[in-house]
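Assemble the complex: chain A is given as a structure, and chain B must be docked to it using the hints.
Next come the chains, spelled out residue by residue.
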Amino acid sequence: MTDDDHVFKALADPTRRHLLDRLFDRDGRTLTELESELEMTRFGVMKHLRVLEDAGLVVTRRSGREKLHFLNPVPIRLIHDRWIDKYAERQVSALSELKTRLEERR
Amino acid sequence: MTTTIAQTTQVYQVFIKASAEQIWDAITRPEWTARYFHGARITVTPDHYESRGPDGDAWGDAGVEVFDPPRKLVHGWKSLYDPELVAEDESRVTWEIEEDETGVCLLTVTHDKLEGAPKTAAGVSGAGWTGVISALKTLLETGKPLYG
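Each protein sequence line maps, in turn, to chains A and B.
Its first residue numbered 174, the first sequence is counted upward by one per residue in the working numbering.
Its first residue numbered 2, the second sequence is counted upward by one per residue in the working numbering.
Chain B on its own, in the form it takes in the complex:
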């Protein structure tokens, strides 16, 4: 059996038929994130990133480095729902939204600084981020969640 070492810089990119403002709302407001991000209610303000489970449990908490609506968001990433993840270093997530003249946006998500967070890196790679981003695209383009 081969062991895969998850990457310490992960890049994800997708085209979404939606405006930059719609995408910005979808990644910073809990009523949106609850519909595609494993049910997480995520609230991002210029100085704080907070993720809560459906029952209000704290799932994630971190600082915000860049808050430039609707173009660029950079925040820390620290999971609180598992003691092993809590023990790891904080990593970083960058969202970049580029809109073209046809009303289509290119969304790039970069998760880096994962050197001190191997379990987090493994958890978000593969089905992790791709599932969230694919569900976000489906929700914005069809108005319906991908699952359920």
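So here's chain A without its partners, still in its complex pose:
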């Protein structure tokens, strides 16, 4: 699998997207904190975090005895630059052209 495949696969699951949203709200959380907000076993949350880590979307840091989880938004940015910008740009420019034309007729 390519890097993009890992990211798309990681994002294709609602629980993992929920975990990313939780980290977006507040970063640097422990497994215990993340687990307390989900109706899921500790093992289940660990498995999802592992997939996110493999995709590079979560980076862990040790702080004393704790392992903290940080959101790494760079892979999402790379997907954006590669896949979203490219396809959305044409529509945006078409819309802005339409706006200009309509406003000129006034």
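Simulated from the structure, these hints should not be mistaken for laboratory data.
The C-beta atom is built at its ideal place from N, Cα and C for all residues, glycine as well.
Keep in mind that a hint or two might mislead.
[Said to hold, decoys possible] Using C-beta positions, here's what the derived DEER-type ranges look like:
1. L86/B x R274/A: 38 to 44 Å
2. A123/B x E277/A: 21 to 27 Å
3. R190/A x D56/B: 39 to 45 Å
[Stated by the list, open to error] So, partial list: chain B residues that the calculated Cβ filter (under 8 Å) puts toward chain A:
4. Q8
5. T10
6. Y13
7. Q14
8. V15
9. T131
10. I134
[What the hints assert, rightly or not] Chain A stretches covered by chain B per the calculated footprint, using a threshold of three residues with CB under 8 Å from any CB of chain B:
11. 188-195
12. 230-243
Structure of chain B alone, referenced to chain A:
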């Protein structure tokens, strides 16, 4: 509408197909940074970090804590182009470069000590650092800037 409080420790990581030395040059020399860092001309020496705009205006100025080429760079972060940012506390940026045997490097950028710099924290989060790092990766891997 929800308000997002920007994080006081922010971690960014990316794989780049380039040598550690190339990445080190790209983050410490103005002729490189001007091509991916919003046009900023950044010069880093063992004791000083300086950022200047395309017209030579001072954009940033801070001390250097760790200068260990081509592995680790730690410098202060203080923006000078906006009075509100100048009034905030200095924060800290750490660059770590780990090269593997296949010629790919893992670059980790950590921006922390942002507790006394909420406006800076908000400015660098989201599109801030991700844009710079994505543009750096593109420049090193393709030889071309991401934008323009």
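_Interface hint status, T131/B versus chain A (Cβ within 8 Å)_ = Status holds, d = 4 Å.
Using Cβ atoms only, decide whether I134/B comes closer than 8 Å to chain A, and label the hint accordingly.
-> Check passed: Cβ of I134/B comes within 5 Å of chain A, closer than 8 Å.
* Does the hinted range 39 to 45 Å hold for R190/A and D56/B at CB? -> Taking Cβ atoms as reference, R190/A and D56/B lie about 43 Å apart, which means the hint holds.
*Q14/B as an interface hint toward chain A, with CB separation required under 8 Å*: holds (5 Å)
Given the hint of 21 to 27 Å, check if A123/B and E277/A actually sit that far apart at their C-beta atoms.
violated (38 Å)
* Asked: Has the segment 230-243 of chain A got at least three residues whose CB is nearer than 8 Å to a CB belonging to chain B?
  -> holds (count 3)
Mind checking the CB of Y13/B against every CB in chain A and telling me if the closest is under 8 Å? holds (5 Å)
Do the numbers back the hint for T10/B, that is, is its least Cβ distance to chain A under 8 Å? holds (6 Å)
key: Hinted contact Q8/B with chain A - closest CB pair below 8 Å   = Since the shortest Cβ distance to chain A is 4 Å, the answer is holds.
Checklist line | Residue hint V15/B, partner chain A, criterion CB-CB below 8 Å | finding: holds (5 Å)
- [ ] State whether the coverage of the segment 188-195 of chain A by chain B holds or is violated, taking the criterion as 3 or more residues with Cβ-Cβ distances under 8 Å.
- [x] violated (count 0)
Does 38 to 44 Å hold as the CB distance between L86/B and R274/A, or does it fail? At roughly 40 Å between Cβ atoms, R274/A and L86/B fall inside 38 to 44 Å, so the hint holds.
Figure legend: structure checked against the earlier numbered hints; hints not met, in rising order: 2 and 11.
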